[in-house]
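**Student:** Here are the chains, one letter per residue:
Number of protein chains: 2
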Amino acid sequence: MTNLTKLGEFGLIERFRKAIKLDSTVVKGSGDDCAVLKFDRKNYQLFTCDMLVEDVDFTLKDRPYLIGRKSLAVSLSDIAACGGLPRHCLVSIGMPKKTTLKFLDEVFSGMLELAKKYKVNISGGDLSRADKLVIDVSMLGAVEKKKLVLREGAKIGDIIFVSGPLGGSIRGKHLKFTPRIKEARFLVSNFKINSMIDISDGLSQDLGHILKASRVGAVIYEDLIPLPAESAGLNDALYSGEDFELLFTLSKKEAKRLTRKKKMNFQPIGEITSAKSGLRLINKDCRDIEVLPAGFRHF
Amino acid sequence: MTNLTKLGEFGLIERFRKAIKLDSTVVKGSGDDCAVLKFDRKNYQLFTCDMLVEDVDFTLKDRPYLIGRKSLAVSLSDIAACGGLPRHCLVSIGMPKKTTLKFLDEVFSGMLELAKKYKVNISGGDLSRADKLVIDVSMLGAVEKKKLVLREGAKIGDIIFVSGPLGGSIRGKHLKFTPRIKEARFLVSNFKINSMIDISDGLSQDLGHILKASRVGAVIYEDLIPLPAESAGLNDALYSGEDFELLFTLSKKEAKRLTRKKKMNFQPIGEITSAKSGLRLINKDCRDIEVLPAGFRHF
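Just so you know, the sequences run in chain order A and B. Quick note: the first sequence uses my numbering, first residue 612, plus one each step. Quick note: the second sequence uses my numbering, first residue 612, plus one each step.
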């Protein structure tokens with residue numbers, strides 16, 4: 612009998628996706644960072660949701676302010692990954708009866724600070740009782756049609772970039788990361804970005820999503836992968852999960868322009884290849900190793 | 612120290628609402644069935660979310676098909692309460708590792724059936740691990756500006772109607788109810804509806820929301836309140852919770868027109884009065900009793 616662990620999160624999503632019928636107002640349904648919906652002549656609407664669960668995505672030992680902050684930040688990161696700007700969100704919270712008002716106020720102040728910083732309206736929500744704390748944020752954004760970026764546009768020869776150091780998620784970065792809205796808007800406003808995703812499950816798994824959606828392969832170079840000062844090493848960057856940096860590809864010509872600008876912290880880490888070579892890593896000894904997409908697994 | 616039980620769900624929402632700053636694209640934020648957002652020249656966008664939690668909103672003894680069905684139906688009911696049509700939704704599911712695929716497939720088929728019936732796109736979602744099953748659906752709808760109805764427009768002299776029998780929630784109606792989209796569209800397309808809400812916490816509590824938002828009072832008549840055949844009596848209708856019938860008010864003139872049409876199952880149950888008389892019930896013995904808004908409490 613097929614169980615969840617065998618099928619996994621992405622297998623499940625695939626299974627359900629096939630059964631869903633969508634009308635022509637959906638430009639892109641499930642299978643990217645956001646759903647993309649028709650809006651007006653110039654813009655699409657972006658629609659995304661992320662559920663955070665106690666003891667999976669945070670623990671009660673974490674600062675409540677950071678829990679609230681993260682609950683908005685993960686959706687902001689999804690909007691960024693499609694090149695958009697956030698507009699509105701709703702916050703659903705399930706929580707135990709014993710939750711203190713002080714705790715909730717701090718969770719809420721973390722949400723408010725990000726909402727203010729990124730100019731997103733907390734337009735409503737829902738409160739419910741639950742045994743453990745669970746926060747689901749759904750967010751609406753907008754993106755000019757010309758600036759929309761999906762996972763599926765990577766082309767052979769594209770250079771692969773990341774927006775900052777990878778790894779460090781489990782040492783606290785997953786609670787404190789900066790959603791890369793500013794960086795994403797800079798990119799889509801000044802360059803032709805062929806594909807983009809935010810790294811929420813580790814570099815190998817999320818690069819894997821781009822490769823699958825774009826039907827291409829990739830080679831990445833260990834020497835080029837930026838690690839934070841306190842890095843636990845390459846495996847941390849490849850598999851550790853919630854970096855929430857942008858991972859994107861653009862043509863060599865555009866990549867040169869980007870590099871010359873010396874803006875922000877974009878780093879090239881490899882190149883898009885044909886699908887048949889899969890995902891390969893050239894390590895420090897110049898060995899060519901096959902990387903199997905793996906990262907955080909819910910099931 | 613203030614705790615959640617003392618403050619309650621609505622006290623909490625009020626507390627947070629005061630701290631939130633909204634820009635001019637939000638026509639109506641938290642405090643109605645849906646958030647109302649600017650969309651285009653003729654239409655507003657409706658945005659709502661509802662979280663269902665195992666052992667609060669359903670149990671694992673319920674048919675999984677009905678659990679999935681309910682998770683969409685409650686949001687459809689919110690869209691109906693504002694006079695709109697549903698368009699898109701996202702589904703966030705938190706679930707234990709041991710969840711079987713058969714169970715999930717059935718939950719999902721309940722969602723799909725309602726999505727098909729009410730022409731709403733399941734445009735995406737999020738899957739997460741959790742100790743207990745939790746489903747949060749966020750939904751987008753559209754309503755013509757002229758047809759938007761909120762809780763806040765009830766006027767003294769308005770007749771109060773419901774769209775069907777009240778009570779029976781705990782005997783299964785809460786899982787099988789029909790979201791009143793068709794009825795709501797009939798109403799807003801043919802009549803001037805002054806205020807509307809869906810009954811999700813019991814008649815007294817939800818009528819209380821209309822009275823508070825509209826700064827009015829009401830008198831309702833026990834003899835007029837429609838009870839289902841298997842009713843447990845008046846208290847069931849007043850306080851039992853999830854009927855998901857529409858509760859709305861319109862002028863006497865409009866009420867006469869509605870009654871003459873003899874369409875659907877609308878029933879007058881009382882009249883809007885001035886705020887100072889509060890919510891009063893005239894019982895079968897013609898006694899005038901004060902009703903305190905009460906119903907399902909999360910905390």
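Any given hint could turn out to be false.
No distinction is drawn between identical chains; accordingly, a pair holds when it is met within one copy or between any pair of copies.
[What the hints assert, rightly or not] In silico DMTMM-like cross-links for lysine to aspartate or glutamate, where the CA-CA straight-line distance does not exceed 20 Å: (1) Lys-713 / Asp-742; (2) Lys-728 / Asp-634; (3) Lys-758 / Asp-634; (4) Lys-793 / Glu-865.
The hints are simulated quantities; they were obtained by calculation from the structure and are not laboratory data. Since we're looking at a predicted model, the values are computed, not measured.
**Student:** Sort out which numbered hints this structure fails and list those numbers smallest first.
**Tutor:** Violated: hint 3 alone.
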